[in-house]
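We have chain D already, so just place chain A on it with the hints.
Chains as they are written, first to last, in the UniProt record's numbering: chain D, 1 to 165; chain A, 1 to 165.
Don't read these hints as lab results, they were simulated from the structure. All values reported here derive from a predicted model rather than from experimental measurement. Each hint should be verified, as a subset may be incorrect.
[Claimed, not checked] The calculated label-pair distances, taken between Cβ atoms and stated as ranges, are:
1. A:Ala56 x D:Ala111: 17 to 27 Å
2. A:Tyr135 x D:Gly79: 28 to 38 Å
3. D:Arg23 x A:Ala30: 46 to 56 Å
Note that beta-carbon positions come from the ideal geometry of N, C-alpha and C, so glycine has one too.
Protein chains: 2
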Amino acid sequence: MEQPLPTAAAEAAAAGGDGEAYRIRPLELADISRGFLGLLNQLSPSPPLTEEAFRARFEELAALGADHLVLVAEDAATGRLAAAGAVLVERKFIRRCGRVGHVEDVVVDAAARGRGLGERVVRRLVEHARGRGCYKVIINCTPELTGFYAKCGFVEKNVQMGLYF
Amino acid sequence: MEQPLPTAAAEAAAAGGDGEAYRIRPLELADISRGFLGLLNQLSPSPPLTEEAFRARFEELAALGADHLVLVAEDAATGRLAAAGAVLVERKFIRRCGRVGHVEDVVVDAAARGRGLGERVVRRLVEHARGRGCYKVIINCTPELTGFYAKCGFVEKNVQMGLYF
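Chain D on its own, in the form it takes in the complex (with noise of 0.2 Å):
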């Protein structure tokens, strides 16, 4: 097996140097056997998801195409996942038919924060709803990761409200 990279090296691959530490790809059906579920229980602690049922999910967003994409980041060196994101591209009316990106479940792994990763998700994201005709994206979070938007580029804008059922 490939020798992990030293930590100092692993923080320039993971910052998208030559040989990368983390490979950011498409979610794949077989990512629920590398760790995919344990990345989202880090996001939302919900019962565990059975295969069938993520299985019904891929299918369902794979149907939606290149308006709904989530990436993962595999760890090169293990195979496993150290973090997710999504983007959906929502079509409207206003703005001659404008297409907006929805930033959604950005996650990562508690064992490889820090190394750039969330930010790499994040803008390879933000380019495919660039690619995708989308004039902004958008994301909702709390206050104490402003910052970390910020540094992706994003700048404040409005009040996120919600309703619970």
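Relative to the frame of chain D, chain A by itself:
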């Protein structure tokens, strides 16, 4: 032509009383000639939409079925549109493949404000999201509108950030 209801009665009717002054219903193709584009322009001023572009986007959204609903409020007396709003249903993996409703592009014609129309449209969009199995509905708004959405049952949650291309 039916005599327009006196203002007080219009207010009562707008609040969903009998003999409704406004009917809340899904967007129709013919709404391009009932003031839909003028409403959008009040929401986000932009060059007029061609009928062809409107039709193409209408059909794209129709293909998403109940996961993307645009509602309008039609003045029963004139057939003109007085309000509009949309909700899109996001399919997630978290929360055991949970769904979230995103309320977007709520607008009430300047001449029809103060009659509870906006609240009626928002409540119908919320009910649609509930019916689609969403565990919550979210909306992004300016600080000035948080009171309105609180009246509709929303609570302040997070910060919305944006990145414009």
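Consistency of the hints with the structure:
1. Our hint of 17 to 27 Å for Ala56 of chain A and Ala111 of chain D is violated, since their Cβ atoms are close to 47 Å apart.
2. For the hinted restraint 28 to 38 Å between Tyr135 of chain A and Gly79 of chain D, the CB-CB distance of approximately 32 Å keeps it satisfied.
3. Between Arg23 of chain D and Ala30 of chain A the Cβ separation comes to about 50 Å, which falls inside the hinted range of 46 to 56 Å.
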